[in-house]
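All chains, full assembly: derive it from the sequences and hints.
Chain by chain, the residues:
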Amino acid sequence: MKIAVASGKGGTGKTTFSLLFSKAIAPSFYVDADVEEPNGAIFLKPTVNSVEDFTEPVPRIIPGKCTYCGECAKACPYKALVIIPPPAKKTLFFPELCHSCGVCAYVCPEKGALIEVPRKKGIIRRGKSGEIDFMEGVLNLGEASAVPLIRELKRRVKNYPGDVIIDAPPGTSCPVVEAVEETNYVLLVAEPTPFGVHDLSLVVEMIEMLSLPHGIIINKAQEGNTLVEDFAESKGMEILYRIPFSEEIARMYSRGELPFGEFEEGFRKVYKRIKEIAG
Amino acid sequence: MKIFITAKGNAIDSIVDPRFGRAEYYVIYDTETGKVIGGKNPHKEGRIAVGISFAQIAIENGVEAAISGNFGPNAFEVLKAAGTKMHRAKEGQTVKEAVESLLSGELEEFREATPREVAEKIEKELK
Ligand code: SF4
Ligand code: SF4
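Each protein sequence line maps, in turn, to chains A and B.
Using this note's numbering, the first residue of the first sequence is number 1, and each one after it goes up by one.
Using this note's numbering, the first residue of the second sequence is number 1, and each one after it goes up by one.
Heads up, none of these hints are tricks.
Simulated crosslink set (SDA-like; lysine to any residue; CA at most 20 Å straight-line):
1) Lys-120(A) with Glu-52(A)
2) Lys-44(B) with Tyr-78(A)
3) Lys-79(A) with Arg-47(B)
4) Lys-2(B) with Ala-88(A)
Calculated from the structure, these hints are not laboratory results.
Quick look at the structure:
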């Protein structure tokens, strides 16, 4: 099964629970798809056994062949190219704006004037920690889109026979959609505050649009506080786990550690339930 | 020589707009013919590459100099590549006054772009 762990914003405990969950159901595969700020490795401390460049094709204009006609720049949907006609005869490329869509190469009328060359946009790291397989994508700072890298991570685990936990980026943007798409189940982590419920409602809207089965884990659950429960009931959603605030977790987290083992039984129950619904 | 000026309106007596990419209007003044053309900045509300797109209007019109309050990094790079000299208008100047100051050599030339943070701050203050 592929299970994505998502949340309306960062700092809700998404990575913590992704890891505790991966551990509880090990052997499993933990994929850190929060490529703009991956931090799962800090806690999992895997032995890394491969680091690869993640590249995508970007245009390179060959001075002797280009006629400075400007077609490529006109067609670029992201304005990543600027052609300055004669007498200046200059070409400018803004890599941080380029989405590697290939349109420029397609429209260039001069043979060999615009070629595509690979450009490093991040890295993919793989490793292992005990019975947990590990993979993370790290996007270079300032890159235009996280989507292609996340797509590549998912392509690589597509045929993995066991259970895969995908730690999705926070929020509701395109990268999040890419991370949760085609998973069997989405676990949403939320905190019981008005803001927390608001953020949660936004993710739920997105997940509903994608028609994916989903349920909630409440982090820092408090006796008598039913904010998340009320929202879940109004949406007909299930709450799979309530994790009370624990100073122990907070203290360990700040040291880069997690209470592996402590929540194993709880997460195994969550797993069993997900399996009944989506498996 | 044609000069490209960012402005709050499209006329010669409009006040210079201190932003480049997100300026309201532009005015192009031809010092030889005295001709003035002006237009709305079509990229003002754009989401991406506003500075680049706006700078291209200047280039397409074959200007040799530009006047604004600031030039962001991307716009700066594009104008520089095109050989357009960039100048800082004095505060509160009209297009006409800024052009006169430029012609008498009183305007400071930009040697580097306005850092993105500064440009964003100016943008916020004007909103
Ligand atoms: S690949 Fe696409 S985004 Fe990149 S420069 Fe070419 S047209 Fe623009
Ligand atoms: S379309 Fe091709 S020939 Fe025309 S400016 Fe671009 S690279 Fe040069």
